[in-house]
Structure formats: C-alpha cells, structure tokens
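Student: Sequence:
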Amino acid sequence: MQNLKTHYHPDVVSLEGKSIVTRLATRSIAMQGNCILLVYTERYEDYSLPGGGLDKGEDKIAGMTRELIEETGAQDIRNVKPFGIYKEYRPWHKPDFDVQHMISYCYTCEVNKELGTTKLEAYETKNGMTAKWINIHEAIAHNKRTMATSTKKGMSIERETFLLELLAEGLR
1 MQNLKTHYHP DVVSLEGKSI VTRLATRSIA MQGNCILLVY TERYEDYSLP GGGLDKGEDK
61 IAGMTRELIE ETGAQDIRNV KPFGIYKEYR PWHKPDFDVQ HMISYCYTCE VNKELGTTKL
121 EAYETKNGMT AKWINIHEAI AHNKRTMATS TKKGMSIERE TFLLELLAEG LR
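Once you know that position 60 of the sequence shown is 60 in this note's numbering, the rest is easy, because the numbers rise by one and skip nothing.
Among these hints, one or two may not hold up.
[What the hints assert, rightly or not] Straight line, CA to CA, 30 Å or less: simulated BS3-like cross-link-like pairs of lysine-lysine:
no., residue 1, residue 2
1, 132, 56
2, 18, 5
3, 81, 132
4, 152, 126
5, 119, 60
6, 81, 119
7, 56, 94
8, 81, 60
9, 119, 56
[As the list claims (entries may be wrong)] Simulated restraints, written as ranges between beta carbons of each label pair:
no., residue 1, residue 2, range
10, 115, 11, 21 to 27 Å
11, 122, 14, 33 to 39 Å
12, 78, 22, 14 to 20 Å
13, 114, 19, 44 to 50 Å
14, 137, 23, 27 to 33 Å
15, 98, 34, 24 to 30 Å
16, 53, 113, 24 to 30 Å
In case anyone wonders, no lab produced these hints; they're calculated from the structure. Computed from a predicted model, the values in this text were never measured in an experiment. The beta-carbon is built from N, C-alpha and C at its ideal position, and this holds for glycine as well.
Let's have the full structure, built from the sequences with the hints guiding it.
Tutor: What follows is the structure, given as structure tokens:
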C-alpha cells in the first residue's frame, strides 16, 4: 500500500532521543457518488472516516470491518480495496512514551446506504459520535471551518481533512 503522507504534529519538533509508541489503525472509505459515510464527533466538531485502532494481531481488513460496523452500523461491506497509508507523529500524553506514531491503513469499500445499529464504546457515545452520509465537499468545508475557528478541534482533523480532499480530487 502506498504512503499518502507522513505528518508531524507541530508539538513534535524532533524524534531524536524520544520514546515512541506505535499504534496501528484502519480507516474506511465508503462513498456513493459525492456522498461519503463519515462519523461526526460533537466534542471535536469534526467529520472523520470511520476507523480506529487494531487489536493486537488483528488482520487489517478484519479490523477495518469491525470498526466500520461498530461506528456506523454499516451493512453488507464488500469490494474492499487498499487506498493508502497515512502516518503521523503526535504528542503522547501518558508518562510511558513521548510520541505516538500512528499508522492508518485506509481502505475503500462499498456498503448499503441504509445503516444498522452502532456499537459505540462509552467514550464515543460521550463524545457525541454519530454516523452520517454527507456530501464530501460539505464535510471538507465544515472541517476547514473547525480548524480555523474551533478551540475544541482534535489532533486527527488534519489527517481526516487531507484524506477527504484527496478523495474529492478523485471525483473531478
């Protein structure tokens, strides 16, 4: 799978002498025309691709499918294809490491337009996560407004907006 981008959070100025923890994750890209299946998180005021961390030893596609079902209730997931890898280095706010190296494996897939029941984790429910089919250009514009004006934005919004813009370019 090709590397789409390696991003360094502004607070990670150097990796020299830093202890690094690596987290493997997946991201799902399900589109129908200009509409894309995203997760809106009220706490961070952003749209993101469904996805999350892989369990130890978990197959990437199995993990992508699990996260997609849990976060969106997606049904009949099919035609899964590799899209690319997004790597990022971000501050780690626990005492055991200095930096987190997040590697997100992104896959395109097809799903039914109608969604089933989600299986959100407690923190996801608390953060106000909801699945939504939305026009990709509206999601990009929303995330850009959040990046420019919100004090609540999370660390993942730059990754998500980059990936959404890359996908939107492919629609032209």
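Student: Do the Cβ positions of residue 98 and residue 34 conform to the proposed distance bound of 24 to 30 Å?
Tutor: Cβ of residue 98 to Cβ of residue 34: about 41 Å, so the range 24 to 30 Å is violated.
Student: State, for the Cβ atoms of residue 53 and residue 113, whether the hinted interval 24 to 30 Å holds or is violated.
Tutor: holds (27 Å)
Student: Sort out whether residue 5 lies within 30 Å of residue 18, counting only the CA atoms.
Tutor: Between residue 18 and residue 5 the Cα gap is close to 21 Å, so the pair holds against 30 Å.
Student: Regarding residue 114 and residue 19, is the given constraint of 44 to 50 Å on their beta-carbon distance met?
Tutor: holds (46 Å)
Student: Take the C-beta atom of residue 137 and the C-beta atom of residue 23, compute their distance, and say whether it sits inside 27 to 33 Å.
Tutor: Since the Cβ atoms of residue 137 and residue 23 sit about 30 Å apart, the hinted range of 27 to 33 Å holds.
Student: Quickly compare the C-alpha distance for residue 81 and residue 60 to 30 Å and report which way the hint goes.
Tutor: holds (11 Å)
Student: That 14 to 20 Å hint for residue 78 and residue 22 (C-beta), does it hold up?
Tutor: Check failed, 30 Å falls outside 14 to 20 Å.
Student: Residue 119 and residue 60 were given as a pair; does the straight-line alpha-carbon distance stay at or below 30 Å?
Tutor: holds (19 Å)
Student: Hey, residue 119 versus residue 56, does the alpha-carbon distance stay inside 30 Å?
Tutor: Holds, because 20 Å separates the two Cα atoms, which is no more than 30 Å.
Student: Does the beta carbon distance between residue 115 and residue 11 stay inside 21 to 27 Å, or does it fall outside?
Tutor: violated (36 Å)
Student: Is the hinted pair residue 152 and residue 126 satisfied, with a Cα-Cα distance of at most 30 Å?
Tutor: holds (15 Å)
Student: Would the pair residue 56 and residue 94 pass a check requiring their Cα atoms to be no farther apart than 30 Å?
Tutor: holds (20 Å)
Hint violations for this structure: numbers 10, 12, 15, all remaining hints satisfied.
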